[in-house]
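**Q** Heads up: the protein sequence lines correspond to chains A and Z, in order.
Going by this note's numbering, the first sequence opens with residue 1, and the numbers climb by one from there.
Going by this note's numbering, the second sequence opens with residue 405, and the numbers climb by one from there.
Bear in mind the hints are in silico, worked out from the structure with no lab data behind them.
Please note that a few of the clues may not be correct.
[Unchecked claim] Okay, derived cross-link-like pairs now, BS3-like style, lysine-lysine, Cα gap no bigger than 27 Å in a straight line:
(1) Lys391(A) / Lys416(Z)
(2) Lys501(Z) / Lys323(A)
(3) Lys123(A) / Lys240(A)
(4) Lys394(A) / Lys501(Z)
(5) Lys419(Z) / Lys394(A)
(6) Lys419(Z) / Lys8(A)
(7) Lys394(A) / Lys506(Z)
[Said to hold, decoys possible] Simulated coverage check for chain Z against chain A, where a stretch passes if three residues somewhere in it have a Cβ under 8 Å from a Cβ of chain A:
(8) 453-462
(9) 483-490
(10) 508-521
Keep in mind that this is a model prediction, so the values were computed, not measured.
We put the beta carbon where it would ideally sit given N, CA and C, even for glycine.
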Amino acid sequence: MNIVESVKVALSAILGNKMRSLLTMLGIIIGISSVITVVAIGEGSQKMIDKEFEQFGAGKAYMYTNWSEEVMDSDMFTKGDLEAVQSQFGDELKAVMPGVGGNGNINLRKKKLDVNLLVANEKYKDIAKLELLDGRFLIKDDITSGRNVGVINKKAAMDIFGRSNVVGETLDINLENKMLSLTLVGVYEDPKSNLSALGGGGDRASVYIPYTTMMNFSSIETFSGMEIVFEDGVDIQGTKDKIITLVERRHESVGENKYVLATAEEELGSINKITGIITMVIGAIAAISLLVGGIGVMNIMFVSVTERTREIGIRKAIGAKRKDILLQFLVESVIVSGIGGIIGTILGIGFSSLISVFIKIPPSVSLSTIAVAWLFSAGVGIFFGIYPANKASKLDPIEALRYE
Amino acid sequence: MIKIENLYKVYKNGKLELEALKNINITIEDEEFIAIMGPSGSGKSTFMNILGCLDRPTKGLYELDGEEVGNLGDDELATIRNRKIGFVFQSFNLIPKLDAFKNVELPMIYAGLPAEERKQKALKALDRVGLGERIHHKPNELSGGQKQRVAIARALVNEPSVLFADEPTGNLDSKSSNEIMGIFQQLNNEGVTIVMVTHELDIAEHTKRMIVCKDGEIIEDALVEDRRIIEAIAEKDVEKENDVVEEIVEAGETE
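Just chain Z, same shape as in the assembly (with noise of 0.2 Å):
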């Protein structure tokens, strides 16, 4: 559970200060299946940052199953993302030396886990993925929807608390996107928290509840099944795939 109360984040640039985030207030419960959406600028990647522990708050509180991780420590907050934190980038971020069962298998290196132990998990979260026959290829050697499931395995392999998705389909054909998805569905059944970042309604329509960000504010939180963000775009007739993050904000604004 991820419980975020009047959370800021602010850059200084000198004498500039620029509010990245101001004042965000949101509660995950397990299970969820959460997409953030925005235009660029909203700040949904620094938020993602703060929830993904890669970057700490400047004030406001963030707790993760219960523990206050927003003022940790470098180290503290790698074993955090170690541990209990998944994350999916948009750049699948694979290590291209290494081939997909060594990707999958470096966070429970890192977690100190007996070679045996690691081995077996590994297998098991590159099955998971769909993934079980090419484990010895290296990332140049899969097409981008088979590197994203390895990054999804390497993702879950320490059994995380909650998996986070900076644009997982962002570098991927349409065929590529609804498999992932589809993968992220599986999951979200078997009882893992999602939450993704994406700038794609029809992406953003796999998922359960819908988050969007505008200038540093959350200004609309709606599950999807009530279908009051989908209708409100819908009613605007948009053309331009490019154009719904911004006619999401107009439908949000319209409210």
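For reference, chain A alone in the conformation it holds in the complex (with noise of 0.2 Å):
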């Protein structure tokens, strides 16, 4: 008999017995879409991460003082190392500043509105890939001079003035009890950031400064961390390692490990494998499912089975094989977990769609995940179907043929 006459036949079995193949798809089906909705949901928040450190974090780095080590005042960055950083390896590096931003607000009607300041060089506009709207960005004679000028973005213009043509408009800011007065001079569009949109800070007041004018106006003289960003194309991790030295020897303590220089790629990294493993525990929980699924199926095989004895007495008398009644048997629990395979990989796109309506992420379901799903359920139908479908094919005509 050929696999054309099992289908056949299988089929006729499947759709002879409606109601008990769908509840036995059932267990299949909700095994399959569960581990694909939690594929592509982790699928997707990784792509949507990788996606955002292109446009937003490359070349981006930060160094800190190592908390883990006893650190002194003295160990603090200072502006000596800030200047020594920038003419050293002025080529290699399209911003050095210190992490100095800090949140204030405005009295804005009877409200306060939280102002968002971030500190920023004249290559800022770039390395944000920040789009201007009207006026112009911060330019160098702002960062050398420490001039009290801001770029704010578009939604808090509006908030604020109720219109986005501000250039030349003058911003009170509360700050560490003291008022910073600013003259916006350019205005730009919101970030469309999926993270930031995560955070909610594509809907708060973001204002860039230069840090030098955040430097003046806290009387900063030592700072914990200091923003670094690499030009294209650079040997990010030669150049970190210089940049420690450097560091290092200003503060005499090469060797101590008191610095640490964590570049986005770094943390990357260490994100993917955070959502690698999550996705990997929810998936492998979404899988026992998937397991007790496939015992449903066997469960119900070993019934069939028993129910359709006289017929594979019959079959056999008639000069059935046993690979005959084996793949008979073995082609219908595949074709139910198949089919169950094919309704849960539908149903677990729709499932994470679904889900990221809520959560913001779009769900990534690619090609190969819905055959690794498919044949899985496959799999789960011949692994689950062999043990019943041998059972059948080693009855004895006889016997089989007396069964009631």
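With the hints in hand, could you dock these two chains into one complex?
**A** Shown next as structure tokens:
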């Protein structure tokens, strides 16, 4: 008997017991759809993080004093460190700035509006991929002179002034119980970032100011972190080590491991590792339901074999070989699992799309995920079908014919 | 042609041994029409199962068409059952989900015949047993006689060397029984070798040769036309049909 005949026989058996077949499939459907959903969202978030990184993180790094070591005040970064790194690595770096941003607020009618103060240099427009709508971005003179100027995002401009062409306006920000008075020189488009949307950052009022302005305003002499942005195509690893050595020399702490320079690439790697592990763990839990579904298939196949003992006897009496019977039942369980797998895949894609509406992560269902899921469900059919099918194929024809 | 020599079937149950068949010797030529008779427990069903290659002898020779088939493996026996043997059962043993046509088609599917050839042969076989019209009815829509015709068509469709029938009229009324026996006689006239088990003398009378078993042995083997067995029974003037077999046995013992 060839495979086509086996499929025909199996289909007629499945259609002959529609309700039972459907309930059997349900286990597989639930298993596959939950695995697909989990993997789709996991892969989706991974892809999103990668994309965000590509857009906003490439070349970014942050240098900070290592909190696991005993760090004294004398180990903190100074203006001198900043200038030394700047002058020695000016060609390799787009920016070296103290990590000194802050949160202020402005009195807006009767409410207070929080304002995110971001420090920048003249190259930061490209680094943060900002789209300027009006006016100009910070220029080198603003930085060197520490001018009280700022570039504001469009939404904040609308919220505060009710319009977006606010160049020349003055913005008074309460910061550290003092008043920072800024002249707005430019307006930029609100960033369309999924990640910042997640954190609510897209809606916040943000103003870029020269880092020197911030340092002057807060009378900052030392600081614990330094933002560094590498030029494109620079050997990040090599330059990174040189920068650390330079800072270590200036603080006479070479080899004491007091400074860490974390690049965004490394951060991305560890984030991806974590999301990968989370996806795997949840996926494994979901896979257990697939296992339970498989056992359901096996159970029903045993019932099916017992029910059709006499039929098996008849088939054997008229010439069916062991492999014919084996194939007949195996094909049946593979079809049940396979159809369950297809339905489960479709539902899984549906579920993940539905969930993504709420958590704003676009699901990513790759062809390979679908192929693996489907092959796996067919594999479940074979694995859990082989035992009952083998039992059927081994039946003694005389005994089977006698079975009532 | 079937040749059986010194054939034994022994069932073992723990230390208990039961000889279901003892030293059977028989030769069945092509185109014979044989009835095997005997009371229950006489071993005739065991004999039929071995003849039909559903079971294996414990020892002895079973040759079918010159091929030793007594010691073949499961799959080889399946092939023999498929190609060389047609089997008709008392309870018809049709697959309930399949209609008459598909039931008849089944042995050819296992033989690996292409669909078109299967269709032609199945229609021919159904026509041969007088069931040209109701071919798309399922077994539960057919009468007992019609079901048995489908079963005969199924048994014949792969053109076997021999047709075995185990009490083929046991579940049928006398009218249907006579029809089925008529078909058997016609098939035999066309050259089909038929071996059937029955315990009804009037059914056995349709055949050409009668073999009587008792306690696992053949105790009588004679041609129906010389009427030796029939006369032996007639002389005893049996009243009840159910006692006939016992009478045959007694008749055999008196000789």
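**Q** Per the coverage rule (Cβ-Cβ under 8 Å, at least three residues), is the stretch 508-521 of chain Z covered by chain A?
**A** holds (count 6)
**Q** Take the C-alpha atoms of Lys394(A) and Lys501(Z), compute the straight-line distance between them, and say whether it is at most 27 Å.
**A** Within the cut-off at roughly 23 Å; holds.
**Q** How about the stretch 483-490 of chain Z: do at least three of its residues have a C-beta closer than 8 Å to a C-beta of chain A?
**A** Check passed, 4 qualifying residues.
**Q** Do the alpha carbons of Lys501(Z) and Lys323(A) lie within 27 Å of each other, as the hint requires?
**A** 22 Å, holds
**Q** Do three or more residues from the stretch 453-462 of chain Z put their C-beta atoms closer than 8 Å to C-beta atoms of chain A?
**A** holds (count 4)
**Q** Between the alpha carbons of Lys419(Z) and Lys8(A), is the straight-line distance 27 Å or under?
**A** The hint is violated at about 47 Å.
**Q** Does the structure keep Lys419(Z) and Lys394(A) at a Cα separation of 27 Å or less?
**A** Holds, at roughly 26 Å.
**Q** Quick one, are Lys394(A) and Lys506(Z) close enough, alpha carbons at most 27 Å?
**A** 24 Å, holds
**Q** If you draw a straight line from the CA of Lys123(A) to the CA of Lys240(A), is it 27 Å or shorter?
**A** 20 Å, holds
**Q** Taking 27 Å as the top limit, are the C-alpha atoms of Lys391(A) and Lys416(Z) close enough?
**A** 23 Å, holds
In the structure shown, a violation is registered for the earlier hint numbered 6 alone.
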